[in-house]
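Colleague: Here are the chains, one letter per residue:
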Amino acid sequence: MEKAPQKTTIIGHLKENYRLYAIAFGIVLIAELIGTIQFSVGSALIVLYPMLFAIIISIIFGKDVLGFLKKKETKKASQLVLVAISPFMAKIGVMAGSNLPELVNVGPALVFQEFGTIGTMLFALPIALLLGLKREAIGATSSTNRDKDYGLICSKYGANSPEARGSLSIYIIGFLIGTTYLGLLASIVASFDFFHPLALAMASGIGSGVMMAAASSTLATIYPAYADQIVMLAGMSDMLSAITGIYFTLFISLPLVNKMYAWLEPKIGRRGKNKNISHSKSAESRVSQ
Amino acid sequence: MNMSMKDWTISLLFTSVLTAIIANFFQNDISIMESIPGVLILSSIAFIGIFIAKIVPLKVPAVVYVALTGLLLASPISPISDPIIYYTSLISFTAPLTVVGTLAGIGLDFKAFMSQSWKMIIIAVFVFTGTFLLQAVFAQVFLTVTNAF
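Top to bottom, those sequences are chains G and D. The opening residue of the first sequence carries number 1 in this note's numbering; numbering runs sequentially from there. The opening residue of the second sequence carries number 1 in this note's numbering; numbering runs sequentially from there.
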């Protein structure tokens, strides 16, 4: 059992974490030296921010690839994400406060676009069923499966249920895919020139600060005239998702995904694969414990 | 978050405060001295928000209180909104983010990621595409309906 020391002095704190801070600082420095890189692919402007480089470099340095960091430091680092992101959220709050009339003006749209969250299952559930998934698909496609959603699925279906395994998979994959992919997706969708920049900004708030940051900084570069409003609205949308997210998942998304599953599974679900799946079940549940 | 305010403050100093100042220099050519007030203001807002989250028993993520504190302090009703807006405007919003990506990347369980099936990776792509696109559609519709452009 690990136990945090009850009383820490500044020196004690630093002794425990100096390696993590030093390595993180080094990675930030490298990422900043690389800087922001942008290039066009067709009509889409791809923007790569230092944050993205930082993620990739730190995965390489991390415990699973080069092993510069120990397991304990890895754990500490994930705790520190919430600490480190707070000045960014403060900045978003300040931007929102200084643009209050604007925020009130788009308020209704900001609230209603949250219902777009059901897009997860509309797009992904049919694909999951075509790929042969069963109940795992319910957990996987009911939401973007951030921390709280995964917790909710676990408490509703049990941590060893197929639903929870599906949710955990998207939770694990989501961070890497979500962060790198959302910026790219924002570029591509922006290049269609169909949506208003502010609509795309609101769409960026999907309940994960890091992903929202990736998408909104890309959009801010593509539409410099709207940069401040984009970041502000993306942040506010993300904040709304953070507040309403699990209730939405519980009362709207989960009932809906279950209905869709009951309707679609007999139509497009793959047959005769049950043996295979129950086999992989036991292997996976060992991992998740 | 079950971290003491003291630990939280030290952690913040050695992650965001330090790196945001550096990042702001690299990204926006704003000198270290010029960045300090803005970064300290943002950090103080974060501190207040986290502190409120600790004493309010509602189950709302702490970052929400941070954003709301910032919103309130920078809104027209705040007597100190002008200096807050001015000094924080010198800090680009991407400056505090590099270290967030770093810590998230260090904390990522890459082994668990690699052990996922390719099917789940495809599904994840559709999950994120789906929510982004449909939210954009809804936002566009309601922005148009409410004439808010």
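Hints are not guaranteed to be accurate.
Unchecked claim - Derived pair list, reagent style PhoX-like, types lysine-lysine, alpha-carbon separation capped at 20 Å: (1) LYS71(G) to LYS15(G); (2) LYS148(G) to LYS119(D); (3) LYS59(D) to LYS156(G); (4) LYS59(D) to LYS70(G); (5) LYS111(D) to LYS72(G); (6) LYS15(G) to LYS76(G); (7) LYS15(G) to LYS70(G); (8) LYS76(G) to LYS156(G); (9) LYS15(G) to LYS6(D); (10) LYS111(D) to LYS75(G); (11) LYS134(G) to LYS15(G); (12) LYS134(G) to LYS75(G); (13) LYS119(D) to LYS134(G); (14) LYS72(G) to LYS15(G); (15) LYS6(D) to LYS76(G); (16) LYS111(D) to LYS76(G); (17) LYS134(G) to LYS267(G); (18) LYS111(D) to LYS71(G); (19) LYS156(G) to LYS71(G); (20) LYS156(G) to LYS134(G); (21) LYS54(D) to LYS148(G).
Just so you know, the hints here were simulated from the structure itself, not pulled from any lab data. Quantities reported herein were computed from a predicted structural model and do not represent experimental measurements.
Colleague: Does each hint fit the structure? Answer for all of them.
Modeller: Checked hints:
With a CA separation close to 17 Å, the supplied pair LYS71(G) and LYS15(G) stays within the 20 Å bound. Between the alpha carbons of LYS148(G) and LYS119(D) the distance comes to roughly 23 Å, so the proposed pair goes past 20 Å and is violated. For the proposed pair LYS59(D) and LYS156(G), the alpha carbon gap of about 18 Å is at most 20 Å, so the pair holds. Restraint check: the Cα-Cα separation between LYS59(D) and LYS70(G) comes to about 32 Å, which exceeds 20 Å; the hinted pair is violated.
About 16 Å separates the Cα atoms of LYS111(D) and LYS72(G), which keeps this hinted pair within 20 Å; it holds. With a C-alpha separation of about 14 Å, the suggested pair LYS15(G) and LYS76(G) falls inside the 20 Å cut-off, and the hint holds. At roughly 15 Å between alpha-carbon atoms, LYS15(G) and LYS70(G) fall within 20 Å of each other, so this suggested pair holds. Distance restraint check for LYS76(G) and LYS156(G): the Cα-Cα separation of roughly 28 Å exceeds the 20 Å cut-off, and the hinted pair is therefore not satisfied.
Between the alpha carbons of LYS15(G) and LYS6(D) the distance comes to roughly 15 Å, so the proposed pair stays at or under 20 Å and holds. Straight-line distance between C-alpha atoms of LYS111(D) and LYS75(G) comes to about 14 Å, which keeps the hinted pair within the 20 Å bound. For the suggested pair LYS134(G) and LYS15(G), the alpha carbons sit about 49 Å apart, so the restraint of at most 20 Å is broken. With a C-alpha separation of about 32 Å, the suggested pair LYS134(G) and LYS75(G) falls outside the 20 Å cut-off, and the hint is violated.
Between the alpha carbons of LYS119(D) and LYS134(G) the distance comes to roughly 12 Å, so the proposed pair stays at or under 20 Å and holds. The straight-line distance between the Cα atoms of LYS72(G) and LYS15(G) is roughly 14 Å, inside the 20 Å bound, and the hint therefore holds. Straight-line distance between C-alpha atoms of LYS6(D) and LYS76(G) comes to about 16 Å, which keeps the hinted pair within the 20 Å bound. The hinted pair formed by LYS111(D) and LYS76(G) meets the criterion: a straight-line CA distance of about 17 Å does not exceed 20 Å.
Restraint check: the Cα-Cα separation between LYS134(G) and LYS267(G) comes to about 13 Å, which is no more than 20 Å; the hinted pair holds. Proximity of LYS111(D) to LYS71(G) is assessed by CA-CA distance (about 12 Å); at most 20 Å being required, the pair is judged to hold. In summary, the hint linking LYS156(G) to LYS71(G) is not supported, as the alpha carbons are separated by about 30 Å, beyond the 20 Å threshold. For the proposed pair LYS156(G) and LYS134(G), the alpha carbon gap of about 17 Å is at most 20 Å, so the pair holds.
Distance check on the hinted pair: LYS54(D) and LYS148(G) sit about 18 Å apart at the alpha-carbon level, within 20 Å; holds.
Figure legend: structure checked against the earlier numbered hints; hints not met, in rising order: 2, 4, 8, 11, 12 and 19.
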